[in-house]
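Enquirer: Assemble the whole structure, with the sequences as input and the hints as a guide.
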Amino acid sequence: MGKGTDHISNNIRTLRFHRDEMTQKELAEKVGVTRQTIIAIEQGKYAPSLEVAFRIARAFDLNLEDVFSYTPDGESTLNP
Amino acid sequence: MAFQERNTVASLTVSSLLLAFFGPRITTMLLNDAFLAENLFQLWLIVIVGMILGTIAVTILANIVHGAVYMASTQQEPDSLEYEEDERDQLIELKGTRVAYVVFSFGVFFAMLSFVINQSPLPMFALLIASGLVAQMVGNVSRLFRYRAGA
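Going down the list, the protein sequences come from chains A and B. Per my numbering, the very first residue in the first sequence carries number 1; after that it's consecutive. Per my numbering, the very first residue in the second sequence carries number 1; after that it's consecutive.
Source of the hints: derived by calculation from the structure; they are not laboratory data. Treat the hints with caution; some may be incorrect.
List of simulated lysine-lysine pairs, BS3-like, C-alpha gap at most 27 Å [unchecked claim]:
{"hint": "1", "chain 1": "A", "residue 1": "Lys45", "chain 2": "A", "residue 2": "Lys25"}
{"hint": "2", "chain 1": "B", "residue 1": "Lys95", "chain 2": "A", "residue 2": "Lys45"}
{"hint": "3", "chain 1": "A", "residue 1": "Lys30", "chain 2": "A", "residue 2": "Lys45"}
{"hint": "4", "chain 1": "B", "residue 1": "Lys95", "chain 2": "A", "residue 2": "Lys25"}
Expert: What follows is the structure, encoded as structure tokens:
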């Protein structure tokens, strides 16, 4: 947790927008974390635990990989 | 500012005030040849009791003021979820505690070093309480930094 957050990206902001502009507070309530944690996750400053990641995906009725994506080191140069 | 962040600021304020109280007192004792067990343990008592009661009082006060300002500006009660601790708060708390332990262990090392150079036990007790206060401050600063940086 916390380390390597630059390799983990998410599209929570876009998903919230497509869910009738769901607020960060509403998502936080659904997931069971504070609004500050949702802000940190959205900004890519904090990589959540697997459990919270699954809860976020479930809040949008999506699979984990539809919300979060992981880019290993050097993948962008191998697959331009 | 989140609930846990406010509590960290409250604790940081109290430990800063106590250190500002403790430093000059010790200096005065040393300058006036009053560095005696009785005076030092009295200071210990003030610092420890001040730390516990001060942190509780400042935390309660900060949250009452925050709640009042929030209600006055939004006409709503603060969200109960904001008062709960989640995994990020726990992680930041743990990392802050680890930093505080490292700082405190340096203090303990120097306190023990005072025995090696044949000092009386009093400097050891003074160093222990001072390093405890500094460790608390550094740990809280580290927590605040992590709250701002993410985790």
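Enquirer: Hint by hint, say whether it matches the structure.
Expert: Hints, one by one, checked against the model:
A distance of roughly 18 Å separates the Cα atoms of A/Lys45 and A/Lys25; the hinted pair therefore holds under the 27 Å criterion. With a C-alpha separation of about 16 Å, the suggested pairing of B/Lys95 with A/Lys45 holds against the 27 Å cut-off. Of the supplied pair hints, the one linking A/Lys30 and A/Lys45 holds, its CA atoms being roughly 21 Å apart against a limit of 27 Å. Between B/Lys95 and A/Lys25 the alpha-carbon distance is near 26 Å, which keeps this suggested pair within the 27 Å criterion.
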